[in-house]
Every structure is written in structure tokens, then in C-alpha cells.
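**Student:** Each chain is listed here by its residues.
Protein chains: 2
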Amino acid sequence: MKPYAFGIDIGGTTVKIGLFETEGNLLEKWEIPTRVEGNGNRIIPDIADAVNGKMQERKMQSEDVQGIGIGVPGPVLNESIVNRCVNLGWGIVDVAKEMSRLTGIENAAAGNDANVAALGEMWKGAGKGHENVVMITLGTGVGGGIILNGKIVSGIHGAAGEIGHIKVSDDEKLSCGCGKKGHLEQYASATGIVRKAKEILENTAQDSVLCHKDEITAKDVFDAARDGDEPAAEAVRFACRMLGQAMAHIADVMDPEVFVIGGGVSRAGEILLNGVKKYYRETVFHASENTEIALAECGNDAGIYGAVKMILP
Amino acid sequence: MKPYAFGIDIGGTTVKIGLFETEGNLLEKWEIPTRVEGNGNRIIPDIADAVNGKMQERKMQSEDVQGIGIGVPGPVLNESIVNRCVNLGWGIVDVAKEMSRLTGIENAAAGNDANVAALGEMWKGAGKGHENVVMITLGTGVGGGIILNGKIVSGIHGAAGEIGHIKVSDDEKLSCGCGKKGHLEQYASATGIVRKAKEILENTAQDSVLCHKDEITAKDVFDAARDGDEPAAEAVRFACRMLGQAMAHIADVMDPEVFVIGGGVSRAGEILLNGVKKYYRETVFHASENTEIALAECGNDAGIYGAVKMILP
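Residue numbers (this note's numbering), protein chains in the order written: chain W, 1202 to 1514; chain D, 1202 to 1514.
Just so you know, these hints were derived from the structure itself, not from any lab. Hints may contain errors.
Because identical chains share one entry, a pair is satisfied inside a single copy or across any pair of copies.
[Stated by the list, open to error] As a list, the in silico DSS-like pairs of lysine-lysine whose alpha-carbon atoms are at most 25 Å apart:
| no. | residue 1 | residue 2 |
| --- | --- | --- |
| 1 | Lys1478 | Lys1374 |
| 2 | Lys1479 | Lys1381 |
| 3 | Lys1255 | Lys1325 |
Note that this is a predicted model, so its numbers are computed, not measured.
I would like the entire structure built from these sequences, with the hints used as guidance.
**Tutor:** Printed below as a string of C-alpha cells:
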């Protein structure tokens, strides 16, 4: 195996780049801005420039590089082609091929960012030692990644692991970002938790510390719940129930070794984890009741770790 | 590759046995009774006798046999060990090892019967030409099998594909066979469809042909619905909604190429298929809306086909 590899995580505002030794050591990481203007047609050349610059700086040849893995915030087919990526302004882009062409690094692979983060957590984080991992990322939205036998499950339309769009409620009146109703993302994302908290506050006579804030964040809701604020606790319970039930659906389908919960909302910690475990166990088929549920450990580096892991054996 | 292979499908009352050429031709199939008495300890020796007898009759040596695959109505670990199989009276039984020992056929593998049937439908039935198939078997209960990249997904506790135990209703008062409430099996199995029809009849003033029967079967419900009987049609719609929603959950997790619906209830045909498609499409993430949904084609032979496929390359 060649000595070096690159892992790239393309986000809507910055691109994270990691230079790794192929044994797995992260040598260096840095960020460049994501230039989405002009249908994002500068993004791949910008990354290639950064990679080529780093190779020059370190006097590396493209022959010294095992490969380059890239996580992208959109669906990816055949580990190469992105089919519409709204956040980056992309239509159909063959990310892997372009990156290869511009860097001279032959072995390139692209994956959906949530899937890639799951691979990163499997390799270096809360999924370490396992090969069957489901990662759920709770941020502005809810993303998911499924790893089976150490490999990303992409699905035939690139839609495997679209956990945020599992329908968990029949009673929803508002639409999810995708256009349908009652999806997990509407309840377990940061936005969803705040929305539910406001709804509870409007329909209760109980006082809450949340009533005395101009702006409520998901963190405020968890903090208040931890301090015994009942309306906030109700909002947290609701999010945990929706998430625990969706995770039970996932286990009834593929029965993984471990669930890893990441993203900004996961910083709520134990109160989230314990709530989710309760509802998961109540709902899931008995054989999977004791499946491990853990908080993510790689933080923002899950993407670059998972990206590089894609091109390692 | 050696010229012959055996595929075995162990059911609660009969064992189906198929002798195959390894190119895939079924040469001969027959059945023997399943002797469940004495904790089912005669079942494997009975099958071995049948296999050994057939080899003698055809003047085959165990060296002429590529392998023997076995479908079992219970969870199977490592393609070999059954851990409790209530219908057969079994505790922990190393099915593959025992079968090898008693027949001299080295290569033996066991799988859960629903998973194995899914493999059979992928190889020779409605999933032909695909490698990512979900099969749902609607019988007395609801079983499922997940095939990814041509291989059975068993799950870490042998509980992958436990589709019948996906929770689809929050309002259920009765318990599922597994002890929990609101599971798909309570609505989309033959038993579940009849139960729902009776519940609808008790709560409606409308007349129905079903009211004039001593005993109602799932077939009666579908037949009446096809003839425009409204209470029966409501029961069918309900079963289709529950099943379509559960299938949407499955697609949101693993995004397969095709769903195959089999088992006795699937003989209802188009009325079932069209109903399920409607609710599936309403619920699933948009990228997977046009996933193929088909009726099973192998009938009772899915088990022996899938069993033999397990030990073929």
C-alpha cells in the first residue's frame, strides 16, 4: 500500500481536508471555503488546488498517494457521481473522476456525507470494533448512514439511510422539507425540537423558563429539561420517542451492532441517550433490545476519517 | 464446481427437499413429514436419510455434491446454528454441522426460512436480475427477508428482516405474538386481516356479505372487497396502508431494487398490490417512490431454491 491518502468532507460553507498515513494516522487537517457561486463549479478545482499544493509542499508525488475519498452533501451513485446537490449548486457531477483528473491521484471515491460520517465513526469513533453500524446525525436536519459488513449501504437510488424521512407520525399538519408529512426530521432535528417546545408552551398553563427567552434553541430545551422544567421535558420526551421508534424500525430491518448518534443535538448527552434507549427498547423486536446505542466520538472529523476509509482496504 | 446440490426447506409439518444441478436446474423435489416429537431430534437424521437414500438411488457420491443448503423457521447465526426454534421443538442446534456429519457433504449452510425464500425469489422468481431484494411473506404471520448485494442480511442477533414486528400503530390494545403492540403482523397477516374485518363489521351499520358467513377467511375479505363490499374494502385498505407504510420504512433504511410479496395472502393479487403501492408511494422518501413492487413467483419452491442458492457461488 502507498504511504498517504486524502480524506475530504465537502460542506455547504467549508471543505475539510485531511492528509492521512494509510495506517490511519491523521497527519494534518485544514479547511478551505466552499465557493458555491457559479453553480459550485469552483469547488472541485479549489479542492484539487489544495491537495496539489499540499503534495508539492511535502514533496509527495501522486504515486505516493493511495487514494482520495470525498464526502458530499447529496446522493452519490457508484461511489462517483452526484445527482443534484442543492447546497452546492450542483447538477450531475462525476466527483471522483474530476478529482482524479485534476490531482493525478487515480483511486478516488465519493460518498454521501452522512454515510461517510458513519464509516468514520465505525473506523475511529463510537463504532470502533464493529462492522454493522447505523449512524444518525441530528443537526438542522436528520441524516443517517448505514454500514453493513464494513461497507456503506447506498441503496439503488442513493437513498439508503434516509432516516430523517422515516414517517413516524400520522398526525402532522406541516410538511417536511421533502414535501411529505410526519417525518422524523420534523421532530428530532434541532429545528424540530424547538418547534415542538413552542407548540407545547402554547398549549399549557404551566410556566417554563423557555417562555422568558426571546429566542429558543434546542440546547435551551435540553438544558431546561435537565433542570426539571416540565414543558421542556415533554418536548425532549417527544423527540426521544420519535427517534427511538425510528431506530426500532431500522433494527427490525437490519439489526445492527451499534447505533451512533451524532450532530449538534447529540451534545445534549445523557438526557438524549437515556430517552432514546427507553423508547427504542419499548418498540423494537425483542431480539434487538440490547443493541448498543452510543454518542458519536469523532465530532467534525468523522467526515474526513470516513472519506479516507472509503479508499482504504 | 461439482455437478449436484441439495436445497432443503424445513417447515412445521413437512420438509421439502430439492435435488438440483449446480447450474440451477431442479431435477427432482419431494417431501417428508417433519417429526417434531422428542424436541424434534429426529428431524435432521430424517433429512439426512432422505438425502443419503437419494444419493444411493442415483449412484451419487458425497464428492459429487457441491453442498446442501437448509432453510429453518427460526433465527440462524453464522449460517449454521439455530438458537431456539419453537415450531420444531429445538433449542440450540448446529444444523449445518449436523447435516454435514450425517451426509458426508462437507459444504452445508443454514438460513432463516424467510431470508432463504427471499434469496430464492431473487434467483428464480420475481427478483430475478436484481441483487437487492426485500421479500415479505404474508401468511398466518408476516415474515421478511433482506438480500443485499446478492447475500442474505441476517443481522447481529439474527433479527434482520423481522418486518412483521415493525411497529405501525400506536393505538393497538391487543398484543402481537411477540408480546409487544401495534406490529405489522397484527394487521397484514391472514389472521390480522380477518380480525380487522370483524372489528369493522362490529362498528358499522352497513351490510356486508361477510356478515352472512359462519367463518371468515382473508380470501373472503379480498373477494368481497373486489366485489365492492365496503366494509371488506375498508379492511383491505387498512392492511394495505399498514404494509405500504412498513415497506416505506424499509426503503428509507436500505432502498432496495424490488419488493417481492409472497405467502398465502399474496394470492389476493392486484387488489393487494395496487393498495400497497398507493400507500407505499405516499409515505416513502421521494427518491424511492418508483421502486418495483411485485408478487412472488416461486410459490412453495422459493425455500428450496433459496436454500440451494446459499451454497452456490
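**Student:** What hints, given by number in increasing order, does this structure fail?
**Tutor:** none
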